[in-house]
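Trainee: For reference, the chains in residue letters:
Protein chains: 4
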Amino acid sequence: MNMSVTLPSGLLKIWEQVRSALDVVRPETSAAARLPAPVAKKPDVDLVALCETLLARKEENAGIKLVGQILDTYQSFSEDDRCRFLNALAERFGPDPARLDRAILAYQASPDDLAFRELQAAVEPRRQRLIRLLNFVPNGTFKIVQMRADAIRLKSKLPKFSQLDSDFAHIFRSWFNRGFLVLKQVDWSSPAQVLAKIIQYEAVHDIKDWSDLQSRIDPEDRRCFAFFHPQMPEEPLIFIEVALTLEIPATIESVLTGKSQVIRANEARTAVFYSISNCNIGLRGIPFGNFLIKQVVEVLRRELPNLDTFVTLSPLPGFAGWLARERKASAEGIISPEEARSLQTLDFEGWSKTPETSEAVRPLLVSAAARFLLQAKDENGLPADPVQRFHMSNGARLNRINWLGDVSGRGLKQAHGFMVNYLYDLKAIEANQEAIAVNGTIDVNPAVRDQLKVAKPPRVKAS
Amino acid sequence: MNMSVTLPSGLLKIWEQVRSALDVVRPETSAAARLPAPVAKKPDVDLVALCETLLARKEENAGIKLVGQILDTYQSFSEDDRCRFLNALAERFGPDPARLDRAILAYQASPDDLAFRELQAAVEPRRQRLIRLLNFVPNGTFKIVQMRADAIRLKSKLPKFSQLDSDFAHIFRSWFNRGFLVLKQVDWSSPAQVLAKIIQYEAVHDIKDWSDLQSRIDPEDRRCFAFFHPQMPEEPLIFIEVALTLEIPATIESVLTGKSQVIRANEARTAVFYSISNCNIGLRGIPFGNFLIKQVVEVLRRELPNLDTFVTLSPLPGFAGWLARERKASAEGIISPEEARSLQTLDFEGWSKTPETSEAVRPLLVSAAARFLLQAKDENGLPADPVQRFHMSNGARLNRINWLGDVSGRGLKQAHGFMVNYLYDLKAIEANQEAIAVNGTIDVNPAVRDQLKVAKPPRVKAS
Amino acid sequence: MNMSVTLPSGLLKIWEQVRSALDVVRPETSAAARLPAPVAKKPDVDLVALCETLLARKEENAGIKLVGQILDTYQSFSEDDRCRFLNALAERFGPDPARLDRAILAYQASPDDLAFRELQAAVEPRRQRLIRLLNFVPNGTFKIVQMRADAIRLKSKLPKFSQLDSDFAHIFRSWFNRGFLVLKQVDWSSPAQVLAKIIQYEAVHDIKDWSDLQSRIDPEDRRCFAFFHPQMPEEPLIFIEVALTLEIPATIESVLTGKSQVIRANEARTAVFYSISNCNIGLRGIPFGNFLIKQVVEVLRRELPNLDTFVTLSPLPGFAGWLARERKASAEGIISPEEARSLQTLDFEGWSKTPETSEAVRPLLVSAAARFLLQAKDENGLPADPVQRFHMSNGARLNRINWLGDVSGRGLKQAHGFMVNYLYDLKAIEANQEAIAVNGTIDVNPAVRDQLKVAKPPRVKAS
Amino acid sequence: MNMSVTLPSGLLKIWEQVRSALDVVRPETSAAARLPAPVAKKPDVDLVALCETLLARKEENAGIKLVGQILDTYQSFSEDDRCRFLNALAERFGPDPARLDRAILAYQASPDDLAFRELQAAVEPRRQRLIRLLNFVPNGTFKIVQMRADAIRLKSKLPKFSQLDSDFAHIFRSWFNRGFLVLKQVDWSSPAQVLAKIIQYEAVHDIKDWSDLQSRIDPEDRRCFAFFHPQMPEEPLIFIEVALTLEIPATIESVLTGKSQVIRANEARTAVFYSISNCNIGLRGIPFGNFLIKQVVEVLRRELPNLDTFVTLSPLPGFAGWLARERKASAEGIISPEEARSLQTLDFEGWSKTPETSEAVRPLLVSAAARFLLQAKDENGLPADPVQRFHMSNGARLNRINWLGDVSGRGLKQAHGFMVNYLYDLKAIEANQEAIAVNGTIDVNPAVRDQLKVAKPPRVKAS
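Chains as they are written, first to last, in the numbering used here: chain A, 1 to 463; chain B, 1 to 463; chain C, 1 to 463; chain D, 1 to 463.
Simulated from the structure, these hints should not be mistaken for lab results. Each hint should be verified, as a subset may be incorrect.
Repeated chains share a single entry, so a pair holds when one copy, or any two copies, can fit it.
In silico DMTMM-like cross-links for lysine to aspartate or glutamate, where the CA-CA straight-line distance does not exceed 20 Å [claimed, not checked]: (1) Lys294 with Asp425; (2) Lys160 with Glu118; (3) Lys160 with Asp113; (4) Lys65 with Glu430; (5) Lys160 with Asp112; (6) Lys157 with Asp113.
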């Protein structure tokens, strides 16, 4: 990950992994598609030359027209033209090597303040100033974010992608600093264009249509919150969906479809975070998610003092893959050869649909899930599952494993149907964050630990 | 100027000079004074240690409480404590020299992408990340700006001020990027707290009280515009006052007090920019002014299509000082010894109040003003007067010299009463900016050139 | 019409007729359906008694709780209970007959100011004060409007409906006075709940789904405007859909589906009002439509100075019915027996689909449409077609008859496919209004008059 | 009182009396004074004729231009012209007597629905429809309110004032129905034009200037709330000032000036309503005040759950006058002749300033105040003091008499320095309202009853 050099941030990496584990990335609506009238093509404009001219201007306000021209031209470009320009941006707008060499020598000769500042200036790629200048026009921010989205999409065709991307990310971290983000509730009175993006960007549990959307944000016992940037008020950056319930739910179905019984918001005891989705890929790697959950907890507590439990209902996307590998692994693994054999049931499609097969495999499978959650680690000693890693690093407690919590195709394929509740206990969050950061220990509900051992299977009566 | 290393920007420097020439700096309202309840003193907190702890946290969201604590503690500090902390910030939160040396050596050994990125990271002072982290809480931005304002005020007690200030400025340039600023009209329906700041910050022609303020923003033929940052909606960053008139005014008195005849806005032909003031000294050096004028011209043109003249009524703060030096200078100067003698009239207080003395000196003094405006240059070959330099670099035309345009104490003392109209002709601005930037030539109304020669004095009848 | 006694308003009546001609009325979403949690049933509350208690309270603020109780109870009522209550409202909350008789006698004895005021007071039905009191709680206005909507729906079961309705209407005319309505543009950034109502209430050309809606309000060359009341910000009262085009369109198909070629708004010359729909039936008879068109014309002119033509594309809902009657009528009618025979073509379904049949009947049918528009009158001497009557009374000009302008099932059935353009010429509107009001004359494009005569049929080649 | 016929409302009358007792009425800022450019005089326009033309128009939207003309002309009128027009309005725009007579006869002949509705229509003065039509233009509402303000001011020159005023009031009651009013907090971020009106309209304790205003609305322990109408967002209708304190304050001085010790809002236990002022005299008699207090209590409770006491600090404006009359009255009065003699102290100016005189008279004076509050009644058996009457009828409890609570000139003159705390106990309000409405009994703190008896004077040591 490119940002890790200057801004070490474990969560960031984790979040990235969550995204790819959940298969989040979707085709962006190209900005052009939203525009009512097509931008005339400007294929013959030498965009690189325009950028050089802009950088040459000493008076910053002298370039506003130029900036508009540059952004319009880029937007009128075909995919190929964009790729060519992004390559030029990556290769020709870095730092000036000669100036940098001189600055290094001068600093080595005399490491004083002046030499240090020149070194600082010389090391900054020219494209950073260029990007800042491109932001001088209305809507510039969004267009620059889309430029990075293009770069990420065209990554394989951009040999120097990582340099380029690192500069975008460096600037976006400053522009999208937590202090500038605005938390807004998204509900049925929100602008349609924002809601259309919620439908588009939902990454965990698909929203089928507007009526499905309404059922998630309009009832009294549903909430949705998103971060926005003041310059991009129509563009949610990240959003979270919340169900207000009496008890901690064990299945996603009960959250998404059990809507016959809407409850009064002020009677709810539990807030369930059942979906969190990043939006624009142009902002990939800029960390919003960890702030979002805590702030939403604060907002809900103030509005609904009766809430005393804040919990997720989360997928376990790494489990099935891990288990498959374990079953093939040698005798020394977490899963014994004997257990591996018992788990062959899983290879029969439909095992989850009849009580005979599912209840038979249940004790062992629950134990396997518990072992995965408690014992499977990544290279840094953190939980192997990306969603778990995200919530644990964020200070949550591993609270409950839910058998057949998600029996959708994806749920069965990725996690043999398991879902997990991670609990956000405000009093414990800080300590939990500290503990996992310092020595990798996680906060676990004892009941989950008990599940490590294979329980005796219940007797299933023949029907 | 500290910013000039990384972001060459002539206007910036000029604007700074305008500020000091106009004696703009005023005591900030300390944020504490506005707070309703006093913050409890926290003198024993080791703020430096808290900052180190914050920087040590890997998870950015883990530090929000800490950030609040740091900012509150700083705000509860006495002047001395603040000074001590700012010195620590300047001295102990720079880059890590050992890491930087290693990074330099690695880069010299193999200047590849990885080495470069490590060099980039190593050269960034640790306080930059610290400042960005401090922005994670509500109101953080304003508090950080105030921290820089403190540093500027305490400059003389901060040996390493320039390093510190350069980092603040670097970050503020990104945060207060033109694309994030919002232009708003300020009028009698604006929030009182914003208006209170207009009164406080007005730097060119004092606003005496609320009724004086109302006379400047409420009548149909008056306008005021300001830039705001979304995170600091109560805090104008820079503002400009406009009078809508039939003709180009020659005296500030006619603008400020000739209010018996309010005219209909849509009958006005001329928009007069008669006052432009920067606000928070914590944002010194961040360029807003040049953008402001052009955007206000756009806004006014759209609202009032009958406007065809956009012009300033500006002070000439450098004139009297320059003339005094010229009068003492050798024979080779712009003012001849003979002329210098004739100008002794100026040494008698009250020369401007009787026609006999004033009309006698008028032809020579007008010529001297024309020479000052056309011939006096600074070390860069730009106009010597800072206000003139600002508007010329901004693309305006030197349009008219106004005799006894400002007979207030300050007007007479700084400029022997002269005021100047600089004309913003939208069709000429870009070319003018280019011309002054490339070869230092300025756009001058021929009538002003004609004034270089001393006109024959009119005969003044004895009364 | 019940309102005509106190507030004579021809347009009102006309608009009512437009509504029924267009078959506008749709099932209201009952407010209950939108509420997330069901209101507990309160079947045993004696609502009439509660209302009497409320009216007995002298201090108006003493009744706020009571008001809430009354409105909640009503809302929890079944259809039958509501009907029973509305009947009581109509029968038991009129004026006090004894008091009225006394007041009349006193006034006849001595028609002084005091007697007159008592007469005024005595003639006011008690339910008027009741309705005003019910408005004291948040959301009261909407609930009262829904109460009237119930009454209109249950009309046939309410023997004294007209008394009741007249009081609702009297109060709503005051509450929804033109001066309190707010015109807002409805676009893709409007709240979803408002847009959902646009879909629901569209009465002229159905909106199929959200994507169809977006195509009507989001493109640069489409506009939608609605009136709102400040107390019911989610509830459009009436709305109009506008297409910006180069030429006056002749078919609705070109407006609704010819979207491949979106044009730039500032290149449009023509604004086409192609759909206008009233919303809540509880506000039936309160006139908004006539104000709406003129205000939208003003707004569009200011935004897009290039627009020079404001025109409708309207249905002709009365034509087919009128023609059927004429064809059966005696020789003295507008349609001659011979012509009637020629028009038998219309009795064959599908006549419009083959050029042979349609072109053969075209000259006569166009002439018949012209005669309908110019010669068919209602009992007041006004145009017989309700939509025509609305626009003519509103000051428009009958501009063009469009052959096969609407070939949808409804278009063919109601108007044999004709659509009409009525032109709003700002310079002519007032005079036109005066002319039709005073002597019933209408403003007609001469080209339409020319169509009164049957043109020679063009020769249609056999294919 | 003109409204009492149709809408019996005791509080209304009481509030009127409060206003005059407190000497509330101030010169309105005439709307003209606020306008930037003078309206050209239109003295020759026959406004009455214009109004007749408007009423003659059948199509309501045909008159919009006319409405603008009528309101502009009126506004350009001199005082005399206005007076003439208002007289015409009062005399010539009543009901049509002939029509009314016919309607009465028809109704007497056959009191059916049709006859009743015609009677209803005939009894409505024509000026009611006129006033409703005048509201069709932007800003119409405010201009009509100002028209009534003129009428009230010119009352003595309008022989038929009461007829005219009753129609204005009838319509305003509908337009300014509680359900349409919006409660807003007024603070230092409110628009300056709203704050300027707070300064202007404050009727109880003068606001000296903007800095005095800031001290009342900006500190954390101060609040101000006002009702607004959506059509007049710059115009507060009524406002209330609140101090958040630890204890119930006994003197106004401690509220207005004891600002050295601002407390944290969430530490406050008591909300003190120390000033409530009606604003525009054009809205005289439209009841807002009683709703305001209760709604503010609700808002404060939700924001600050620690508040448990809601209390006023009120003047006692009727006391001094009553006492003066009592002292002159015969032996049978509430004050005995002997007591009257003892009270001669009050005739010496400055009695309150030395402990010797003030402490000597204190026991008797406190008793007199208690007797006034508990025994002095108006003609309806309600408390004689108008402020007391307002709060008692509004459901408050008479809680405490404060000796030398207001030692300002007005406080001493009107109330011999007494102030009173009325307590709003949410649990008791409804019952209290009922009790005073039904049998005139008021809710009194026993401690106040104890003060009816003259306490033994404390011994004051000679200094």
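Trainee: Give a verdict on every hint.
Mentor: The hints, checked one at a time:
| no. | hint | result |
| --- | --- | --- |
| 1 | Lys294 with Asp425 | within (10 Å within a copy, 38 Å between copies) |
| 2 | Lys160 with Glu118 | between (25 Å within a copy, 16 Å between copies) |
| 3 | Lys160 with Asp113 | between (32 Å within a copy, 9 Å between copies) |
| 4 | Lys65 with Glu430 | between (49 Å within a copy, 10 Å between copies) |
| 5 | Lys160 with Asp112 | between (33 Å within a copy, 11 Å between copies) |
| 6 | Lys157 with Asp113 | between (41 Å within a copy, 18 Å between copies) |
Going through the hint list in order, the structure satisfies each hint without exception.
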